[in-house]
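K.L.:
Chains as they are written, first to last, in the working numbering: chain A, 1 to 271; chain B, 1 to 335.
One should not assume that every hint holds.
[To be verified] Stretch by stretch, here's where chain A covers chain B in the computed footprint (C-beta under 8 Å, at least three residues): (1) 44-50; (2) 71-84; (3) 87-93; (4) 168-178.
Hints were generated in silico from the structure; no laboratory data involved. For each residue, glycine too, the CB sits at the ideal point set by N, CA and C.
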Amino acid sequence: MSRALGALALGVVVAFLSLPVVALLAEAPLRDVPALLGRQVVQDALWVTLKTNLAANVLILGVGTPAAWVLATRRFRGRGAIMTLCELPLVLPPAVAGIALLSAFGREGLLGDPLHAAGIDLPFGPWAVVLAVTFVASPFYLRQAIAAFEALDPELTDVARTLGASRTRAFWRVALPLARGGLVAGWVLAFARGVGEFGATIIFAGNVQGRTQTLTLAVYQQLDVDIDVALALGVLLLVLSMGILASYKLIGAWRRSSSTSPAAFVPSPSS
Amino acid sequence: MATLELDITCRLRAFAVELSLAAGEEVVALAGPSGAGKTTVLRCVAGLRRPDGGRIACGGETWFEHGRVDVPAERRSVGYVPQHHALFPHLSVERNVAFSGAAPAEVAALLERLGIAHLARELPAGLSGGERQRVALARALARRPRVLLLDEPLAALDAHTRRLVRDELARDLRATGVPTLLVTHDFADAAALAGRVAVMDRGLLRQLGTPAQLTAAPADAFVVVFTGGSVLAGEADGAVVLLDGGGIAPIGSPERGRVEVGVHPWDVEARPGPAGDGALPGIVDVAVVEGGRVRVRAGRWVGEAVSPDGLEPGAPVHGVIRRATVVGRGRRIGA
């Protein structure tokens with residue numbers, strides 16, 4: 001391939017990716033953005049996004065971390081199937097995730113009756129947003145966490161146990177600090193995906209201001225109401241995304257520089 | 001007196017490890033080729049792997065009894081030093097050693113004793129191989145273990161450091177007074193570090209004895225080869241064996257018929273020139289100066305000479321056997 005053709009292709013890529021970003025900033029009434037972001041609809045969306053994502057991230061980290069540890073350190077039947085299942089939300093269209101969640105937890109769904117009997121109505125409430133975000137964002141964390149734990153030399157936790165640490169203590173004092181970089185990187189990706197969630201949420205949780213309307217859903221709604229608010233929300237999310245991307249890159253650089261490799265030597269298979 | 005007793009069976013992919021052994025306040029080396037199941041034994045004692053049968057006890061306390069007792073690793077009080085030391089990379093030397101909860105004064109005393117006090121605040125990544133090893137040993141000793149387990153303690157070191165570290169380690173291990181099992185694939189290391197050596201092959205104990213016993217009275221051909229000797233076949237005729245291909249080997253007690261004998265290099269005097277009566281004939285493959293002696297390899301046998309003169313590769317050489325041990329008998333030998 002000629003150099004000119006390569007340069008042209010690269011130019012197209014850069015232009016195609018940067019043009020919409022530039023256009024968004026050009027079209028948005030930048031000077032009015034602070035005022036527009038003060039509107040009630042934006043404040044409500046910000047608050048809903050914040051608390052639902054907080055809850056979703058607590059679930060992802062709290063349940064995902066021990067699950068990833070088990071998947072990374074144990075070999076058992078069905079492990080491969082579980083790993084594949086964990087990655088399903090990555091390829092599943094978000095709209096399908098939404099309708100699937102509705103089929104499971106909706107009033108007419110699989111668990112609808114027992115949940116209703118217990119006084120729990122998930123759909124079209126804030127918890128539906130939490131479930132939708134958790135469903136679509138968890139694979140980003142799980143994949144990175146499993147990889148980070150798999151990269152640890154198992155001798156380290158073994159030695160910790162011979163030094164008197166229980167399995168739990170060995171995990172907290174050795175595995176977790178050493179896998180920290182990978183876990184944070186995975187969490188940043190999951191957080192970004194969660195904040196950007198749209199399809200599954202609008203189907204499973206609806207688009208109710210102050211209850212289930214997140215920032216992305218507010219963009220969609222404001223298109224018909226006040227395009228300037230939609231654009232201002234776009235600028236806000238763009239800045240947020242750039243911040244996330246930058247911190248992800250920084251974490252990557254920090255992990256490489258302060259690389260706490262488990263051993264200076266390749267661990268040999270035990271004889 | 002603290003005594004480690006084990007009698008275990010452990011199934012591996014290709015074979016089963018079966019080992020019965022008791023160690024008092026001494027260093028016992030589990031020696032054998034890679035893949036003999038030596039590390040498996042250490043992991044079983046440490047509680048990191050469950051044997052398929054048998055019993056492990058230390059100082060009268062049962063740590064494992066098939067189907068009845070299995071004390072978890074964290075409650076066995078073993079000092080385990082795995083092959084590449086597995087120092088915690090995120091903790092300083094001091095905090096590595098203190099991991100088991102040892103008091104600061106105790107940690108400081110150990111670092112002092114092992115000559116690594118000046119490294120207390122360093123991270124493992126900045127240490128040399130020999131230093132890492134001492135940190136790993138200090139960390140294991142800080143646990144006040146009732147048994148020390150060392151897996152290939154010298155494997156991660158280059159040849160030069162190795163000899164220095166080996167002598168220091170031998171001294172340190174003698175000073176601990178704790179029953180110690182160490183794994184090595186090298187007989188010279190085993191002989192330097194341990195009072196007794198258990199030679200293992202494919203999971204089975206071939207012979208257990210002092211290094212001197214193993215070389216003076218090897219149990220079988222495997223032990224001869226593992227301890228650096230050569231195995232030669234021949235026809236026994238009383239106190240001597242007439243070796244196939246020439247040469248006479250004197251043996252301790254009279255024998256008749258086909259036999260296999262083991263000879264060690266220090267019992268074969270290599271001399272330049274073609275073989276005369278009763279000497280092993282050969283052509284020099286390689287002659288190396290080793291510890292003030294010249295070790296000469298000539299095809300199927302290895303001998304020693306005082307001087308390398310006339311022993312260039314390709315030169316004719318003959319070996320005079322001073323002493324040999326019968327390690328096998330039977331009509332099919334050498335056939």
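K.L.:
Decide, hint by hint, whether the structure agrees.
P.N.:
Verification of the hints:
{"no.": "1", "hint": "44-50", "in the structure": "holds (count 3)"}
{"no.": "2", "hint": "71-84", "in the structure": "holds (count 12)"}
{"no.": "3", "hint": "87-93", "in the structure": "holds (count 3)"}
{"no.": "4", "hint": "168-178", "in the structure": "violated (count 0)"}
Violated hints amount to a single one, hint 4; each of the other numbered hints is respected by the structure.
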